[in-house]
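> Take a look at the letters that make up each chain.
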Amino acid sequence: MTGMRQTVRESVGDRLFLGLIYIFLALVLIMTLYPLVFILSSSFSSPAAVSGGRVWLWPIEATLVGYEQVLQNHMVVTGYVNSIVYTTVGTTISVVLTTMLAFPLSKKTFFGRNGLMVFIVFTMLFSGGLIPTYLVVRSVGLIDTRWALWLPNAIWVWQVIITRTFFQTSIPDELAEASEIDGCSDLRYILSVVIPLSKPILAVLALMYAVGQWNAYFDALIYLKTDSLFPLQLFLRSILIQNANSVTIDAASIADRNQLLSLMKYSIIVLSSLPILMIYPFVQRYFVQGMLIGSIKG
Amino acid sequence: MPPVLYFIMFKYIPMANAVLAFKDYNVMKGIWGSPWVGMKYFNMFFENPVFFSLLKNTLLISLYSLAVGFPVPIILALALNEVKNKTFKRTVQLVTYAPYFISTVVMVSIIMLFLTPNQGIVNMLLERVGIDSINFLGNPNLFRSVYVWSDVWQGSGYAAVIYLAALAGVDPSLYEAAKVDGASRLQKIWYVDLPGILPTTVIILILSLGNIMGVGFEKIYLLQNPLNTATSEIIATYVYKIGLLNANYSFATAVGLFNSVVNLILLALVNAVARRTSRTSLW
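Residue numbers (this note's numbering), protein chains in the order written: chain Y, 1 to 298; chain Z, 1001 to 1283.
For reference, chain Z alone in the conformation it holds in the complex:
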């Protein structure tokens, strides 16, 4: 069956190829013929001064992005759910959904055009209200905010759809009951809507927590410049540079493997916690 072949070829063979992390890669001998070197490349990575900064950058960017990017679509969906005017609701949905279709390359160039010091529209607006032009992409302290908030702009409308779907599935008799009990709009959201979408929320939270080490590599790579690498260099961009650009295959594989394993452990942990506390889990 071709689909099964696809998974073996492009997913499972690469997994097996990850043994490269424990070997000294030699092009002539191939992956399996190359000599074993044990944990050499892992130790090289852990002892490298960049290790902590890579780990810190990776974790901070994804935790920040989770802290903002996770609640915003829920708030958007709850707000949209209150709107009874169909045209307004559909307009908001159609518009907020659209940025999702913009490609990463174009998105990054929009960010760059808008944030250009002195000439970008954001800085021109800032200057009008009397604030000095800010070099957003040249300041390592601002990199995370630029990354996270542009993501919120691009992805919230899309992410809200899944919560809207969950809200549509809430038992209507619960709303009736809330109305009879004289619940206010806010109480209705708090006691009916939120518990109603809790299972969906937990699953999405597990999935995003389990993806902590896998933040948007493409976008970060494109937004990087020599001025902001202090906060923008993450494990994934490092693997690409060391591995493919410097052809240091074994070392880069070790770094990548470390990333995948930490990710898998995080996912398993979060899943276990979720199963204990809310009885909703991936497995």
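This is chain Y alone, in the form it adopts within the complex:
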């Protein structure tokens, strides 16, 4: 019955408007999806098809040559391994530190809570700048060590705010009281009560920090000097953007070389984005949830 009534009420103008909305969104969908499909298809096409501009939608003369060449490149392999190390260690450090900070901030009984909050949020509004930060990192001896990618940007204030809001809204104070009565220590309470209840927010934190670490290149650019420490993004920059000729290709002619190089770019783009894009559909649910929690309530 109600369904009937709604269809009757829907005026012509409204239906037209809804139609326009669907068309608009379909266009947005195509415009977002097409470049992604094009990159993927190109990466599986033959070098000649890519250079000749024959790829429009689906792979042409499908082959894995691009991937084979990329995986033979020592820069890409070193970068990949380094990035995995940076991402796993960096994410762990960041998540632990963020939780350590957000938890006390969520406690109304915590002395100096507001002061600490101002102390942290202020760093979002004002910063010393590039050079003063660089000098600190240099003076504590982090230059050209892996720690330079883990420590200087370990905590993001925004994540602290989201996590604090989560703790405040999702973990009732009564739980703490109950565990205290049961003779549970603070540490034990955190480990066996708070953490299991906080899986959604921990997933959000881990994903956000992991994306940040995997994609970061600027810190590596200014703090690292040794090639063997470089993350993937730094190698990608020299291959994709600076067209470094250190890329080794065992092809015969220069023309072949150039064709192969442009194909390899597509393969590298796919390979380097794959890890993050693969986990994202699984965590998207948590991600949106985290944004919901963290969004400012009007």
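Worth flagging that the hints you see were computed from the coordinates, not collected in a lab.
Accuracy of the hints is not assured; some may be wrong.
[Claimed, not checked] Here chain Y is said to cover these stretches of chain Z; the calculated rule only asks that three of the stretch's residues, wherever they fall, bring their Cβ under 8 Å from a Cβ of chain Y:
| # | region |
| --- | --- |
| 1 | 1101 to 1109 |
| 2 | 1113 to 1119 |
| 3 | 1183 to 1195 |
Glycine included, every Cβ here is placed at the ideal spot set by N, Cα and C.
Based on the hints, put chain Z in the right spot on chain Y.
Then chain Z, alone, in the frame of chain Y:
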């Protein structure tokens, strides 16, 4: 507590280090031992012919990016909110969200591959419809548009989520009331949806206006080439080049400090205006 130590070490000590802007940095004497020179480096910057072009480039890029990048996610969220078909809605969301995960380096290389004169797919499409190939990245007049619209492609789906969250929080009785009053779909959006997300919108607007001087440095730096620097050189890229590449620490710190201070003043101003006019503000 380690997190507090982190903030002191990597945020507050650098703030204190910014006194470097008022000193002649001497490696042997360190930051605190170096002699004071007052406003020398600030004057050097203000009197430098690049000052106005840097300021102009920084402001124009971020205002352009705000003018386009701010409304698009709102429109996207409002449109998605009207869609009742769950599968379609989720598909659009999943797809528009994905480009957010592409790294800056990869994003820039995609832009370059697509926009290559003659060979890039964009120019091949243009040639098919009879338009001559355009050297997008070699033309200073087109740099801003390339930067802004590629950002819209990459970030709108992600940015829309926060508005969708706000829309989900709108009181359902308001929709009932609108229906009883015979409001059309467009009127419902105008009188219920928009006021409903206004507080969120204002906060996001304040935050982005307060970040006017802090446009995406990494992306701009990577997109730069000698042909487009006339419009692509911004304060942040200049600080990096002067400071780290030319090791002119004091001068670069002064330029960076100028940037941070202008930013902070803008944020405070916008916040004050927002508090007066809409009673929503950061503080």
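> If a hint holds in the structure, say so; if it doesn't, say that too.
Right, here's what the structure says about each hint:
1. 1101 to 1109: holds (count 8)
2. 1113 to 1119: holds (count 3)
3. 1183 to 1195: Contact hint for the region 1183 to 1195 of chain Z vs chain Y: holds, 3 residues under 8 Å.
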